[in-house]
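Asks: Each chain, written out:
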Amino acid sequence: MRRKRILTMAWESMKQRRFRTSLTTLGVVIGITAIIGLASLGEGFRVIIRDEMEQGFELNVLTVMSGGLLTGVGSYFTDEDVKNISQMPGVVLATSIIQKSVGKLYNDGKNSTALVLLAVNYTEFVQIYPDRLGVEHGVWPQSIKNDTTVLGSKVEHPSDDETFANPEDNVTVAMSFTSPLLRGRYFENHTFNVAGTLGKSGAAGFINFDDAIFIPIDTARKLYNTTNSDMIFVRLANPSYSNSVAKAIEDRFGGGGEVRVLVPAAFMEQVETILNMVQIFLTAIASIALLVAGLGIMNIMTVSVMERTREIGVMKAIGAKSQTVLTMFLTEAALIGLIGGILGIPLGYGLAQVMGQFMFRFSAEATPRRSLITGTETHPLTVVTPILSLQWAVGAIAFAIGVSVIFGWYPARKAAKLDPVEALRYE
Amino acid sequence: MTAVLEARDIHRTYSMGKVLVSALRGVTFEVEQSEFVAIFGPSGSGKSTLLHVLGGLDRPNKGSVYIDGVNLSTLNDAKLADVRLHKIGFVFQFFNLLPRLTALRNVELPLTLADVSEKESIQKATEMLELVGLKNRLNHRPTELSGGEQQRVAIARALINDPKIVLADEPTGNLDTTTGWEIVRLMKCLNEEKGQTFVVVTHDQGVAETAHRMIHLKDGLVQGVGTRGKRP
Chain L
2 MRRKRILTMA WESMKQRRFR TSLTTLGVVI GITAIIGLAS LGEGFRVIIR DEMEQGFELN
62 VLTVMSGGLL TGVGSYFTDE DVKNISQMPG VVLATSIIQK SVGKLYNDGK NSTALVLLAV
122 NYTEFVQIYP DRLGVEHGVW PQSIKNDTTV LGSKVEHPSD DETFANPEDN VTVAMSFTSP
182 LLRGRYFENH TFNVAGTLGK SGAAGFINFD DAIFIPIDTA RKLYNTTNSD MIFVRLANPS
242 YSNSVAKAIE DRFGGGGEVR VLVPAAFMEQ VETILNMVQI FLTAIASIAL LVAGLGIMNI
302 MTVSVMERTR EIGVMKAIGA KSQTVLTMFL TEAALIGLIG GILGIPLGYG LAQVMGQFMF
362 RFSAEATPRR SLITGTETHP LTVVTPILSL QWAVGAIAFA IGVSVIFGWY PARKAAKLDP
422 VEALRYE
Chain S
4 MTAVLEARDI HRTYSMGKVL VSALRGVTFE VEQSEFVAIF GPSGSGKSTL LHVLGGLDRP
64 NKGSVYIDGV NLSTLNDAKL ADVRLHKIGF VFQFFNLLPR LTALRNVELP LTLADVSEKE
124 SIQKATEMLE LVGLKNRLNH RPTELSGGEQ QRVAIARALI NDPKIVLADE PTGNLDTTTG
184 WEIVRLMKCL NEEKGQTFVV VTHDQGVAET AHRMIHLKDG LVQGVGTRGK RP
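Read top to bottom, the protein sequences are chains L and S. Using this note's numbering, you'd call the opening residue of the first sequence number 2 and step up by one each time. Using this note's numbering, you'd call the opening residue of the second sequence number 4 and step up by one each time.
Calculated from the structure, these hints are not laboratory results. Any given hint might turn out to be false.
Here are the simulated BS3-like pairs of lysine-lysine, each with C-alpha atoms no more than 27 Å apart in a straight line [stated by the list, open to error]:
no., chain 1, residue 1, chain 2, residue 2
1, L, Lys111, L, Lys101
2, S, Lys21, L, Lys16
3, S, Lys21, L, Lys415
Bound-form chain L, shown alone (with noise of 0.2 Å):
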């Protein structure tokens, strides 16, 4: 029998017994809306967090450190090893940073603080951060001078009406010192000439360039008494490098752990692999809608075979073979699961628009406007706006169709396997 008249049968049976098949196939528009509206609303939230990790990341920059992540074994690395480093394939840069925590700053009756003083080469670094590190006011220096100093965005601006120091005024800052002999940390004054403040910056890894202040790394070798820095950051040519070059950088270290090296790719990869599983994981659970739309219709297949047996007996009786009749049936079951699978996707989308508008409103007045990552106070989640792939979309009525036959089986089944002797006489 030609496909496309079982295609018309098929229909014109679905006609017949429309307040039925309509219920049977809400069952699936409702499964189909479910997983559309929730996995169309997952990537666009995965987008809005991958794009915020790739502002909070540049992922051609390595951070390499010593000891745990966030603790670090301060004066670990020689000149010697950024040396080495930059001369890795891939590397086009690699710079020694002194990260040191700092107290108040002072200027003139005005007072304001910083988390974190990181002491750079200020040539190489901004040839790290090139995009990034954009001055407000004054300059990035550019001949370095010992007592100059860059301010952070919020150093700059303690409060939104507040400005604490202007290019040229000279800042005193209380630098903290380790003493062995005192068992703790001591503070002393020292003061720097501000060269430039910087604009919004946000976040690199760990370090939030708002809240630090930047001095030479010489000036803050010769306070510290060091020749070593705490850590180096690596510019590559392109992120493809990222794991050879943090394999090779940790190999030099002995590949003992002792050296860590922060691979933003890698990173942003776990973070993918875990927004991907929590997808998959809403889907799912969506899902088991469409398979109680798939029970639904089972059930109303069964019914309609018993009320079509005598006629099953008849197509049998005039020649028609039991795979016609199998495949009839399962037309009819496809049929459905490709109506419910077309209607529930822009039924889905239109609930994950809605859900995008209203949901995060509320969760984002909920929480500080602050970015995780980022560090800044750019843009507070407050809509998502879902985003749904031809593959979705086409995996989504592959689905429902596929739940649809499996389901239909069982009763398409039955209707083949009467016998059409004892399906005549059913009354």
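Fit chain S to the given chain L structure using the hints.
Replies: Chain S only, in chain L's frame:
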């Protein structure tokens, strides 16, 4: 003359609960091409069972049925369906039309199953409905037709694939006398004018007597064979 249908020593036993019922106990006969044969007998004589076995809807426990020289016992279910589609036409007591299809679509159904193109099948079905006098009822659904008209549609459906033989199970059993005779006349007419072979199962002696031959069935056995006007 060639035998279109041959039944050789047909046995059919059913189990009804724990009881075995022998519906057919060795039925043997032949039907020649263009014959009009009536299988006649009282209720419970095994007429319908025999018709089902002859038509390949049921399989005998013993014995063989040959349709157009093909032994149905040797065929699997799919091949048997093919034989029903191409060589046998069925007419039932309760018409058995598909209620959601129009008369035209009902008649067309065997052609659809036989993969005939839609255009050709519509043309053939229309001609066939004209032949049985339902030219003006093409697009009526069964519920919009009288019993006699429904049976005419069923006859048209049985004939649409040019079968070797039409098996009719009590074709007048659900009709009033006048309409019943109209149906008998139609079948006789098709037999005489087109040479269509008919085997009609009936308990109505009057109908049976119009046949070329009457096979009298009782208790699953052929009691005798009579010719027109001569009872067995």
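Asks: Are the Cα atoms of Lys21 (chain S) and Lys16 (chain L) separated by 27 Å or less?
Replies: The hint is violated at about 44 Å.
Asks: Mind checking the alpha carbons of Lys21 (chain S) and Lys415 (chain L) for me, to see if they're no more than 27 Å apart?
Replies: With a Cα-Cα distance of about 26 Å, the restraint between Lys21 (chain S) and Lys415 (chain L) holds, given a limit of 27 Å.
Asks: Given the hinted pair Lys111 (chain L) and Lys101 (chain L), is their Cα-Cα distance within 27 Å?
Replies: Given that 27 Å is the threshold and the Cα spacing comes to 22 Å, the pair holds.
Of the numbered hints stated above, the single one contradicted by the structure is hint 2.
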